[in-house]
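Engineer: Sequence:
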Amino acid sequence: MTNAHAVDDRTVLDWPGPGPLNQTQATDAAANDPAGQEWQVRVDLAACYRLVELFGWSDLIGTHISARLPGHEHAFLINSFGMTFDEITATSLIKIDLEGNVIGESPYNVNKAGFVIHSAIHQVRDDANCVIHLHTADSMAVSALSEGLLPLNQTAMLTTGDLAQHDYEGPALYLDERERLQRDLGDKHLMLLRNHGTLAVGASISEAFVRMYMLQRACSAQVRTLSMGRPLHEVSAAARASTEAMGRSPTTLSRYGQLAWPALLRMLDRRMPGYNI
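In terms of our numbering, the sequence shown is numbered consecutively and its last residue is 259.
In short, the hints are calculated from the structure, not lab data.
Each residue gets a CB set at the ideal place from its N, CA and C atoms; glycine is no exception.
Please note that the accuracy of each hint is not assured.
[To be verified] Keeping only pairs whose Cα atoms sit at most 20 Å apart, straight-line, the calculated DMTMM-like set for lysine to aspartate or glutamate is:
hint, residue 1, residue 2
1, Lys77, Glu87
2, Lys77, Asp108
3, Lys77, Glu55
4, Lys94, Glu129
5, Lys170, Glu159
6, Lys94, Asp158
7, Lys170, Glu226
8, Lys170, Asp108
9, Lys170, Glu81
10, Lys94, Glu151
11, Lys170, Glu129
12, Lys94, Asp79
13, Lys94, Asp109
14, Lys94, Glu161
15, Lys77, Glu129
16, Lys94, Glu81
17, Lys94, Glu159
[To be verified] Now the in silico label distances, taken between C-beta atoms and shown as ranges:
hint, residue 1, residue 2, range
18, Arg252, Ser218, 23 to 33 Å
19, Leu42, Gly18, 27 to 37 Å
20, Arg252, Ser128, 22 to 32 Å
21, Gly38, Ser128, 23 to 33 Å
22, Arg212, Glu81, 45 to 55 Å
23, Arg212, Gln19, 45 to 55 Å
24, Pro232, Ala126, 41 to 51 Å
25, Thr66, Ala242, 16 to 26 Å
26, Gly44, Gln147, 36 to 46 Å
27, Met228, Ala123, 18 to 28 Å
28, Pro52, Val217, 22 to 32 Å
29, Glu216, Glu81, 41 to 51 Å
30, Pro52, Met228, 42 to 52 Å
31, Arg162, Asp251, 32 to 42 Å
Model the full assembly from the supplied sequences, consistent with the hints where possible.
Structural biologist: Encoded structure:
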């Protein structure tokens, strides 16, 4: 595959590939976190990875989710590159700073594109304590349409008023793309990465997950709706405006996420346990 950018005139990350996947070598985060704050973020983030796998949104070892650490505004957790999402645990997550330096000891490595995308958002959005990036089949399909996501249903309208767009520049391996990711996202919580996938941010892991859930559902519904080849029924402008305003509210999906998260964890405990080790 030919890269759209010349490597010799841009800053590109040159990190090694996957490291040894020996779970027993992972840093014991709990032992170095007396207050338990980092450990709780680790557990919730590992759960988020498992949920993405459970909902069928993963892409082998690609895509990534990050979470900022309490008291460490310039550091965040991200997945170990080379592990599938059903393998992710609290201790396997890697702590890195905004320059890409690994904090502490870890036998694992980080996805280059994951660092570029997530560091871009964490650099400028103090409210983005969690960032989720996916490329599901339905979201890639919608991202390739000239019209993008359409306000075809209630779920879509809860996202379309808070949805940004970013044009595809090739694999996100180049640091200068961070400026354009930041500019295009602005103050929104969702972004359609053209010909690529989706991105969601939230003040909490639960909020980011619920926002991404809504966006994924909207994309899937659009793919199904347009596949029927039938005339579309449009909602009124007033109904669309009020629904989009609800989706933009800083509390609507945040509160929904707070309510849903404990239930989602219980579901994980039944169907995919082991994330909290």
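Engineer: It remains to establish, for every hint, whether it holds in the given structure.
Structural biologist: Against the structure, the hints:
Restraint check: the Cα-Cα separation between Lys77 and Glu87 comes to about 9 Å, which is no more than 20 Å; the hinted pair holds. A distance of roughly 18 Å separates the Cα atoms of Lys77 and Asp108; the hinted pair therefore holds under the 20 Å criterion. Distance restraint check for Lys77 and Glu55: the Cα-Cα separation of roughly 12 Å lies within the 20 Å cut-off, and the hinted pair is therefore satisfied. About 30 Å separates the Cα atoms of Lys94 and Glu129, which puts this hinted pair outside 20 Å; it is violated.
Pair hint Lys170 plus Glu159 holds up; C-alpha atoms about 18 Å apart against a cutoff of 20 Å. Distance check on the hinted pair: Lys94 and Asp158 sit about 13 Å apart at the alpha-carbon level, within 20 Å; holds. Using a Cα cut-off of 20 Å, the hinted pair Lys170 and Glu226 holds, with the two alpha carbons roughly 12 Å apart. For the hint pairing Lys170 with Asp108, the CA-to-CA distance comes to about 13 Å; that is within 20 Å, so the pair holds.
The suggested pairing of Lys170 with Glu81 is violated, with an alpha-carbon distance near 24 Å, which exceeds 20 Å. Between Lys94 and Glu151 the alpha-carbon distance is near 15 Å, which keeps this suggested pair within the 20 Å criterion. Between Lys170 and Glu129 the CA atoms are separated by roughly 19 Å; this keeps the pair inside 20 Å, and the hint holds. Taken as a hint, the Lys94 and Asp79 pair is honoured in the structure, with Cα atoms around 13 Å apart against an allowance of 20 Å.
Our distance criterion of 20 Å between C-alpha atoms is broken by Lys94 and Asp109, whose separation comes to about 23 Å. A hinted pair counts as satisfied when its Cα atoms are at most 20 Å apart, and Lys94 with Glu161 qualifies at roughly 16 Å. Pair hint Lys77 plus Glu129 does not hold up; C-alpha atoms about 38 Å apart against a cutoff of 20 Å. The straight-line distance between the Cα atoms of Lys94 and Glu81 is roughly 12 Å, inside the 20 Å bound, and the hint therefore holds.
Proximity of Lys94 to Glu159 is assessed by CA-CA distance (about 13 Å); at most 20 Å being required, the pair is judged to hold. At roughly 42 Å, the beta-carbon separation of Arg252 and Ser218 lies outside the given 23 to 33 Å, and the hint is violated. Under the hint 27 to 37 Å, the C-beta atoms of Leu42 and Gly18, about 33 Å apart, fit the expected range. Under the hint 22 to 32 Å, the C-beta atoms of Arg252 and Ser128, about 42 Å apart, miss the expected range.
Take Gly38 and Ser128: their Cβ atoms lie about 27 Å apart, and the range 23 to 33 Å holds. Our hint of 45 to 55 Å for Arg212 and Glu81 holds, since their Cβ atoms are close to 52 Å apart. Taking 45 to 55 Å as the suggested C-beta distance range, the pair Arg212 and Gln19 conforms, at roughly 52 Å. In this structure the supplied range 41 to 51 Å is violated for Pro232 paired with Ala126, their Cβ-Cβ distance being about 31 Å.
About 24 Å separates the C-beta atoms of Thr66 and Ala242, a value consistent with the hinted range of 16 to 26 Å. As the Cβ distance of Gly44 to Gln147 is approximately 21 Å, the hint placing it in 36 to 46 Å is violated. Taking the beta carbon of each, Met228 and Ala123 are about 26 Å apart, inside 18 to 28 Å as hinted. Range check, Pro52 to Val217: about 41 Å between beta-carbon atoms, so the 22 to 32 Å window is missed.
The supplied range of 41 to 51 Å is met by Glu216 and Glu81, whose beta-carbon atoms lie about 48 Å from each other. About 29 Å separates the C-beta atoms of Pro52 and Met228, a value inconsistent with the hinted range of 42 to 52 Å. Remark: the range hint 32 to 42 Å for Arg162 to Asp251 is upheld by a beta-carbon distance near 40 Å.
Of the numbered hints listed earlier, those contradicted by the structure are 4, 9, 13, 15, 18, 20, 24, 26, 28, 30.
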